[in-house]
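Trainee: Each chain is listed here by its residues.
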Amino acid sequence: MTALLEVTGLGKRFGGFVALESIDLEVQQGERLGLIGPNGSGKSTLVNCICGTLRNESGKVRFAEEALDGLSAHERTRRGLARSFQLPRPFASLSLAENIRIPILYTVNARATGHLSRAAIDARCLELLGQVGLAAKAERRPRDLTQIEMRKLELARAMAAEPKLLIADEAMAGLSHAEVDEIIALLIRLNAEGVTVIMIEHIMRAVMEFSQRLAVLVAGRKIADGPPQDVVRDPEVVRAYLGE
Amino acid sequence: MRTGTFLIAAALVGLAIVVLTRIFFTNEYFFFAAYVVLQYIVLSTAWNILGGYTGYINFGTGAFFAIGAYSSAVLHKLPALLKTFDILIPAVPLPVMIVVGGIVSGIVGLGTGYLTLRLRGVFFSIATLALAVVVQTLITNWDFVGGARGAYVLRPRVAPLIGGEYVQYLFLLMLGMCVIVLATARAIERSALGYGFAAIRDDEAAAEASGVPTLRLKLIATTLSGGFMGMAGAPLPYYVTYLDPTSGFSLNYAVNAIAMPLIGGTGSWLGPVVGAVLVGGLQEYLRVTISSAVNVLVAGVLMVAFVIAAPQGIVGLFQRKR
Numbered sequence: 001m002t003a004l005l006e007v008t009g010l011g012k013r014f015g016g017f018v019a020l021e022s023i024d025l026e027v028q029q030g031e032r033l034g035l036i037g038p039n040g041s042g043k044s045t046l047v048n049c050i051c052g053t054l055r056n057e058s059g060k061v062r063f064a065e066e067a068l069d070g071l072s073a074h075e076r077t078r079r080g081l082a083r084s085f086q087l088p089r090p091f092a093s094l095s096l097a098e099n100i101r102i103p104i105l106y107t108v109n110a111r112a113t114g115h116l117s118r119a120a121i122d123a124r125c126l127e128l129l130g131q132v133g134l135a136a137k138a139e140r141r142p143r144d145l146t147q148i149e150m151r152k153l154e155l156a157r158a159m160a161a162e163p164k165l166l167i168a169d170e171a172m173a174g175l176s177h178a179e180v181d182e183i184i185a186l187l188i189r190l191n192a193e194g195v196t197v198i199m200i201e202h203i204m205r206a207v208m209e210f211s212q213r214l215a216v217l218v219a220g221r222k223i224a225d226g227p228p229q230d231v232v233r234d235p236e237v238v239r240a241y242l243g244e
Numbered sequence: 001m002r003t004g005t006f007l008i009a010a011a012l013v014g015l016a017i018v019v020l021t022r023i024f025f026t027n028e029y030f031f032f033a034a035y036v037v038l039q040y041i042v043l044s045t046a047w048n049i050l051g052g053y054t055g056y057i058n059f060g061t062g063a064f065f066a067i068g069a070y071s072s073a074v075l076h077k078l079p080a081l082l083k084t085f086d087i088l089i090p091a092v093p094l095p096v097m098i099v100v101g102g103i104v105s106g107i108v109g110l111g112t113g114y115l116t117l118r119l120r121g122v123f124f125s126i127a128t129l130a131l132a133v134v135v136q137t138l139i140t141n142w143d144f145v146g147g148a149r150g151a152y153v154l155r156p157r158v159a160p161l162i163g164g165e166y167v168q169y170l171f172l173l174m175l176g177m178c179v180i181v182l183a184t185a186r187a188i189e190r191s192a193l194g195y196g197f198a199a200i201r202d203d204e205a206a207a208e209a210s211g212v213p214t215l216r217l218k219l220i221a222t223t224l225s226g227g228f229m230g231m232a233g234a235p236l237p238y239y240v241t242y243l244d245p246t247s248g249f250s251l252n253y254a255v256n257a258i259a260m261p262l263i264g265g266t267g268s269w270l271g272p273v274v275g276a277v278l279v280g281g282l283q284e285y286l287r288v289t290i291s292s293a294v295n296v297l298v299a300g301v302l303m304v305a306f307v308i309a310a311p312q313g314i315v316g317l318f319q320r321k322r
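Chains as they are written, first to last, in the working numbering: chain B, 1 to 244; chain U, 1 to 322.
Just chain B, with the same shape it has in the complex (with noise of 0.2 Å):
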């Protein structure tokens, strides 16, 4: 297997604080990989750099075999490089199928393979509002929606630009029980149609059923790396998440 993608050396500050320090990371083609740490470790800011929301100072991130380094957020997008946000960023004055809309406008149809016609998106929308339960919801706004139904809609709107590689930051947070699981079976049915997915979350029960990989993030360095249940008992893990 080949890496999709390769993070070697990323750092990246703000002012004279480091938010990530040297973070190398590599992510194999089909692969589950959980990425967790405590609040304000960096792991947000490691997504932002690698999709391009924000620009590392130092460091290169390699994806598909191709350096994206000065590449803006939405020519990553178009490579297959897609995230949802941790706070839903919905478009607020467009309908949820519109929402979905717009990364089918701007990827799936902006690339060179196949061009999809105005009635093939709207059943697109309609199928990808569906995987997520929304569909009933197709002609609402997003203001409408409770916070939950936003990370779901956060989601679609990430799997509809038809990614290799899917980043989903803390998607499951505030969610029950039911819907975690519901969210957890979407992703592995992502990831088994050839989809590499890289989940962020809190949620350990969540984090352990889905990863095959987790990465762990503790301020802006990476600790740890490998079969979740050693990384799980890895004693400086341990004490960065409970203390001494």
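Honestly, the hints are just simulated from the structure, not real lab data.
Partner residues aside, some chain B positions facing chain U, computed with beta carbon under 10 Å: (1) HIS74; (2) ARG89; (3) SER93; (4) ASN99.
For clarity, every value in this text was computed on a predicted model and none was experimentally measured. Glycine included, every Cβ here is placed at the ideal spot set by N, Cα and C.
Fit chain U to the known structure of chain B by using the hints.
Mentor: Okay, now just chain U, sitting in the frame of chain B:
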């Protein structure tokens, strides 16, 4: 309705307006007033392409409008200038001036966009306000176009092509521009471009993450918006016959171009039309019945009332609630 069909329908409506006005209005004043209303339809629709669709509030409408007007003034004086160098060219026809004015303003729009679109929200608005001041200062100090004195632009006594009063010709051209601008705005709304604009308006980071090339789309919006404003301004020298910086850069254009879409509704192409007809018509009516200074007050009061009572504008009131 497809864009082509809409364009034909809009052209037919325009033609009907022309025929009806020629039958019912022999009064020249009607054309003077109607020209202003049509000009505001073009201006507010142009403003709405940037302000309503992408959410970037432009306070510099006056600058783009005046660039169009002054590019016409330059073209008007060009044959006389070249004659001193023994180069003879015929007088430039007004439709060509409109195209040139649109292109010049569009280029300025592109440049402005490139320099300012890294600014967001109110900071972008302040930058456009600064643009208006800079352009006005430049033109006030440019002697060839009259500088602070202004310049007389003598228009032909008889309109070309149609005959009759020249103002009817101006009215006709402005009506044609309305059709073009409205068809463009409506086509944008229903295209991928329109969805991209809406995504930018709602959340730029999320738009980027969804694959929307936000910078390129914003540049398209500023170019189109600036270009149409310039087109609206190009016939101005022939309308006022005396162009000076105060009339070209009047604050009224900037205020009305914002007030009209807000009152009519920024969400669709129809909003600026409704706003321009209502506010523009009311202003022209009050100008002759009460006072010529009251028109700015009208825009201000209506804008405040609508922002409080109907933030979605008149069109928003009639759209079904989703």
